[in-house]
Amino acid sequence: KQEVTQIPAALSVPEGENLVLNCSFTDSAIYNLQWFRQDPGKGLTSLLLIQSSQREQTSGRLNASLDKSSGRSTLYIAASQPGDSATYLCAVHNNNDMRFGAGTRLTVKP
Amino acid sequence: DAGVIQSPRHEVTEMGQEVTLRCKPISGHDYLFWYRQTMMRGLELLIYFNNNVPIDDSGMPEDRFSAKMPNASFSTLKIQPSEPRDSAVYFCASGPTGGNEQFFGPGTRLTVL
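These protein sequence lines map, in sequence, to chains A and B. Read left to right, the first sequence gives residues 1 to 110 (the numbering used here). Read left to right, the second sequence gives residues 1 to 113 (the numbering used here).
Please note that a few of the clues may not be correct.
Here are the computed lysine to aspartate or glutamate pairs in the EDC-like style, where the Cα-Cα straight-line distance is at most 20 Å [unchecked claim]:
hint, chain 1, residue 1, chain 2, residue 2
1, A, Lys42, B, Glu44
2, A, Lys42, B, Asp56
3, A, Lys42, B, Asp57
4, A, Lys42, B, Glu101
5, A, Lys1, A, Asp39
For the chain A half of the interface with chain B, some residues (derived, Cβ under 7 Å), not all of them [to be verified]:
hint, residue
6, Gln34
7, Pro40
8, Leu44
9, Leu47
10, Ala86
Hints in this document: simulated from the structure, not taken from any laboratory. Just so we're clear, the structure is a prediction, and the values are computed from it rather than from any experiment. Note that beta-carbon positions come from the ideal geometry of N, C-alpha and C, so glycine has one too.
In isolation and in its complexed conformation, chain A is listed as follows (with noise of 0.2 Å):
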């Protein structure tokens, strides 16, 4: 059974910092991993998607890394703006099944 792990569960920062967040899952055969943000009283926003063939995704100021073999996967967040906090899930596709880590509660200060 797969299970994802986030890590930190809450992570604060001054405006401007570069950041990673941290994805570990247990079974490597994925096909799929995902990034996500959650704001308050809205759906989950995609962010970016890696398919298991791939070693990472960029989109703006966001980079996502995947290693298999290891388990893991990276959301790097560079020059950080309090419009970024959120909390943030990733989540992992196998099987048949889709499984969420708990998330990164991000807090971005002026």
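Based on the hints, put chain B in the right spot on chain A.
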């Protein structure tokens, strides 16, 4: 509580037919979300409701898709007419006041031939 209930679990239909997917959220939850999952695009938000009112439907791919929530315990996602590219797993999720959590249903696997 039984959790979020979706029906049917599997649906196979032919192109051009109308498809209706159903969702019963967890009792007491104010939010209801519809997502679509494909291998190529991952999980995508289609629409969500708060207190039965649609809040954001910007993820609905086109006019063939419509969603309703006539009451707090029931929602439908309709595709008319269906096309093969609509084949996906459709998830419904509900969440309590505050919108910080989402509880997913088991999904409906739709195949359009």
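Right, here's what the structure says about each hint:
{"no.": "1", "hint": "A/Lys42 x B/Glu44", "verdict": "holds, 13 Å"}
{"no.": "2", "hint": "A/Lys42 x B/Asp56", "verdict": "holds, 9 Å"}
{"no.": "3", "hint": "A/Lys42 x B/Asp57", "verdict": "holds, 11 Å"}
{"no.": "4", "hint": "A/Lys42 x B/Glu101", "verdict": "holds, 10 Å"}
{"no.": "5", "hint": "A/Lys1 x A/Asp39", "verdict": "violated, 28 Å"}
{"no.": "6", "hint": "Gln34", "verdict": "holds, 4 Å"}
{"no.": "7", "hint": "Pro40", "verdict": "holds, 5 Å"}
{"no.": "8", "hint": "Leu44", "verdict": "holds, 6 Å"}
{"no.": "9", "hint": "Leu47", "verdict": "violated, 10 Å"}
{"no.": "10", "hint": "Ala86", "verdict": "violated, 10 Å"}
The structure fails hints 5, 9, 10 (numbered hints given earlier, in ascending order).
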